[in-house]
Every structure is written in C-alpha cells, then in structure tokens.
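In order, the protein sequence lines correspond to chains P and H.
Take the first sequence: its letter number 303 is residue 303 in our numbering, and every next letter is one higher.
Take the second sequence: its letter number 17 is residue 431 in our numbering, and every next letter is one higher.
There could be a bad hint or two in this list.
The calculated DSSO-like cross-link candidates involving lysine-lysine, where the alpha carbons are at most 27 Å apart (straight line), are [claimed, not checked]:
| no. | chain 1 | residue 1 | chain 2 | residue 2 |
| --- | --- | --- | --- | --- |
| 1 | P | 379 | P | 345 |
| 2 | P | 42 | P | 29 |
| 3 | P | 29 | H | 439 |
| 4 | P | 42 | H | 483 |
| 5 | H | 584 | H | 534 |
| 6 | P | 29 | H | 483 |
| 7 | P | 360 | P | 322 |
| 8 | P | 322 | P | 377 |
| 9 | P | 191 | P | 272 |
| 10 | H | 439 | P | 42 |
| 11 | P | 382 | P | 304 |
| 12 | H | 439 | H | 483 |
Simulated from the structure, these hints should not be mistaken for laboratory data.
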Amino acid sequence: MSEIRDTERLLETYLEHLPAPQGAEGDAKVLADALTAMQRAKHQAAQPGRISWSTIMTSKAGKLAAAAAVVGAVLFLAFSGSFTQSAWALEDAIEAMKDFPAVYVVGAFPGGTAEVWIRANEDRTHSTDVVVRGSHGAVTWTRDGSTYHYEPSQNTVYFEHALTIGMSQWLGPELLEMLSAAENARIVRGKDPATGRDRIMLMCSLIDVHGAQSWVIEFDAAGKLPLAMKQWQNLDRSGPPSFDAFKIVYYEDLPDDVFDVHVPGDAKHVEKPLQIPDEAVGIMSDPKDGIPVEGMTQQEAAEKTVRAVYQAVIDQDTDTLKSISPLCRNWGDEFLRKIIFKPDKDNRIVEVLEIGQISKTGRSSLGPIAAVPVVVKLKNGKKVQEQMIVQFRQFGDTTSCVVHGPYGLPREID
Amino acid sequence: MIEDRLLVWRFNRGDPAALCRIYEKYRAGLLKVAAALLNNRSGVEDVLHDVFVDFAQTTGRFQLRGSLKGYLSICIANRARDRNRAMQRRSSTSLDEAVLRPSVTDGPEHAAVSRELAAKLDTAMGLLPDEQREIIVLHLQGKLPFREIAELKEMSINTAMSRYRYGLEKIRSALDGELEP
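Starting from the given sequences, assemble the full structure and let the hints guide the process.
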C-alpha cells in the first residue's frame, strides 16, 4: 500500500461499489417536485412584476429570506398546533421559557445555514428586534416597523414596510393558551440515542397567511426548553425541511450591537412586492364568501371589507369572520376564540379607530390585492396599528372582497 | 456533450421531457457522488432531490459552462458539504437520523473490497478535509478531469491536483497505519 496509484485503484473500487438508493419511489418524488418547480419558474418568469423577487428567492443566498420568514412564522405559530394529550407537562416548559427575553437560533435552510437573534419588548408580549444572518453573507433584519433583506450577490436591499419576521406572541403563558386551543397536533416521546436523555417531540401543521406549514419541535424532557425544531412548507412534513434549527440558546439579555446591521453605502434599495401564497388563493376563491363591493372604488371596497372583518372580531362572530376571512376556516372555533377574539383578555380589540389609505398593492392569481393600514383600540386602552391584506375578486358580474390576513405583525402606537 | 447542449436548450424552453431525460441520465452517478460525500448516507436522496429541484427552477436562464455532468456533480458536492456541516453543528443526533444510518459494509457489492477494508476507507474518507474529499470523489467517482473541477470550483488546476494528492496521501497513511501495526 505504498504507491499512490494503488490507493487510487483501491478508492475507485470502493467508490464504485458504494451502496446508493435505487428506489423508483424516490425517483418519482424528485421528478414530481422538480417538474413542479420548473412549471412554477416558467409561470413566474411570465409575470414581469414578480421576476425580481422570485429570482432572488431561487438564488442560493436568497433562500435566507425564506428562512427568515420561516423563522418568523415558526415563532409566531409553532405552538398553534393542538396538544390534547396530557402526557407531558407543557406548563412547565412554558414557565421555563418565559424567563428569557432573548433567543439565539442556529439552523440550516436549503442552500446554507443561518443564525437568528430575537429580543422581546419590555412587557415580553412580542418581539421587537430580529436579525437573521446567512452563511452566504445575506442578512435580514427589522427596524422601525419595516423588514429589510440584503443580498450581497446583487448588492441590493429588499425592503417592505411591515414586520414580516418576529414573534407575535413571546414565550410565556399566552402560548400555553394557544396550545390548549388548537386541534391537530400530537406529542411523541423518545430517547436521544446520542445522549440517552428523554426527548419530547411536538408535531403540528396548519395553513396560515404564510401558506401550508408543519413543524417538529424537540424539547428536552428534563430541562423543559425547546432544543431543536424543523419546519416544512407543506402539511405532511415531506421532503427536506425549509428550516432546521439545530441549536436554540436562551438569554436573559443581549447587547444592542447584536442587532446592528451595516450594508455597503452604494447598495440599491428595492421594495418587495406584495404577495400571498398560492394555497391561500385557493381557499379564498369560493364565490359564496366575502363582502359584495359592486360599484365601489378599490379604497371604498377595501375599507368596507376591513371594517366588516374587525366588526366580526369585536362582535366575536365566528361565522362572519370565516366568511370574510376564509383562511380562518382552517382553524377550530376554540382556537379562533382564544387567539383572535380573546374574550377574557385586556388586549382584545374593542374599537376600530381609523382605516387608512391603501399602502401597497399587488396581485394574486385571483385578482388584485391591497394592504390596508388600520388603527384599533384595545380594551386596555392601548392603540395598535395593523395592516390587513384584502383580495379583490370578480366572479361573472359579481365583484367582492375577502381578507387574506395580516400583513406583518401589529405595532403599538402612541 | 452535444446531446447535453440540446437537452439544456430544450430545458431552457420549458420542455419537461428534457428535465426527465437529464435526471435519468445522471441520477445514478450523482447518487454515488452524494453517497461518497455525505457523512450520513440517509440524506443521499434528499441531496439529489434538492439539487434537481433547484436546477429545475433555473429553466429559461440556465447557462451551461463546461459539462452538465460536471455542473450537477459540483451542485451535489456543495449541497452535501452544507448538509455535513449542518449535521456536525447539531448538539445532538436526532432520533430519526440515528435510526436510519446505514452501514457502508451492507450489501453484497462490497465483496470487491473486503468489508473491513471498506469500513477503514469509509473512516479515512470521513476524516479528510471537505476540499480534499470532494476533489477525490469528483475525479475518481464523478470521472471529472482536474481542469473541469478547477474551473467549476473557481480554483487553479494546480490547487485542485495538490488537494487530490494530499488527500490520497492521507488515506494511504491511514490505511498503512491500520494495516501494518
């Protein structure tokens, strides 16, 4: 075994005979997904208004933006599955988590890895600062109510005037209420073969404003804190996860400079278009749903629709809410009651103070969409600004609108 | 090569049959490259899946420089490296992956190299730095010439050949150490 050539021959034989999968089932899945991706790429290329962002999202580094959104979605909704089994004391886990106002997450997304820093507000009700740094130099962050994404390969900052990453509900007792209200999740207990420690896996899925999503969250049974988490952008956890958070660290505080982001002074700035996921379009396409808006301008129609959906929330009218905002049909009544109506809470909505001018428009395959800013008053007297996305629809001679859902997180205002 | 140019031309015009043909043509070789580069071979099909889905999304704007086989092999290598690194950074092994880890010595194919030797080669390959392991696999398994590997990985041909040679020497040393106590 002294000659390099001998080593080469040996390695060639070894490599040639390495076992590799032969399954036709795997082939069918790869081809099906690849052909779907090809069709989607062709479709997007045919829509000039969407090329820019779509191209970004298919680039290697650009997937960080998706990861960032994923993290946001996970952290708002990871716990919105249902855990009806009482095999494990979730209360303890929630109690353990609420002591920490800051979190650091490291994970992998298709094409790279990312680290995420998140910090809560003083009351620990929601997140205030988020930074997601990708292994390829891309970075996504929030500042002053807007979300930014820097693509180094294009020296461009893509931005939108909404907080599209972050946590609408910080770790704590409110999350427990979400857990108890949801319907379709389950708990699996196992043992980590590497450490021998007990692990609890929480599995859940749902369709929300970000589209179809499913999660597996791994808790350490003794420490009660989530240690790892995977997310898929489908309901059955098929294929590789869109974000695999393999390290989660909890902090009592973080220095401000963790959230500082610097981009080159000559970077271009491009506003991200308003878009909604395809799954949502299908759910919003029932002509029986929505508010008729015959003969109205877009602004008038949007105002009427948004006012109606908030009135349904204030009146705690489940049927009307589901009709105006069909995505809510995916969630159980108890979940809607606890998460949206919040009848026993000081932060429930009691009044619509102002509906602003349409701030941004876009288009889904169903028709035009628009983001509408709304200021609402809570029972505790605080004022909150939200943005709602309205979908305009035309079925025959009938024009109507439905609400897709919130565009980003709500913001407290003075 | 001419067939590949034609396939890419058709692929860029959105022909699904061209994508299927590319997959059928290179699937087996790419799976072996992935199997040789992944520390955990349960991810072989996932890596192939991701690479083809990403490739499919480039329809209409894919530009072929060098060979299609070389391009796809490099994509597999990059994806396998990312996956290995992600797995290494995990604080603990997840339940499903640990259960699914297969042995390299499973199956009758390894009769060509003894099971014991195959296991030692497995270990030796796993200990190589990514950049050396990739070039060895791309050259010996993927049958890519050094010049093409160097172009696709944006390095000089001398660097590619040096890394290959260093890698082989390390494997030889590892085997000598094991086999000649």
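| message | Let me make sure I understand: some of the numbered hints might not hold for this structure. Which ones are they, in numerical order? | response | The structure breaks only hint 9.
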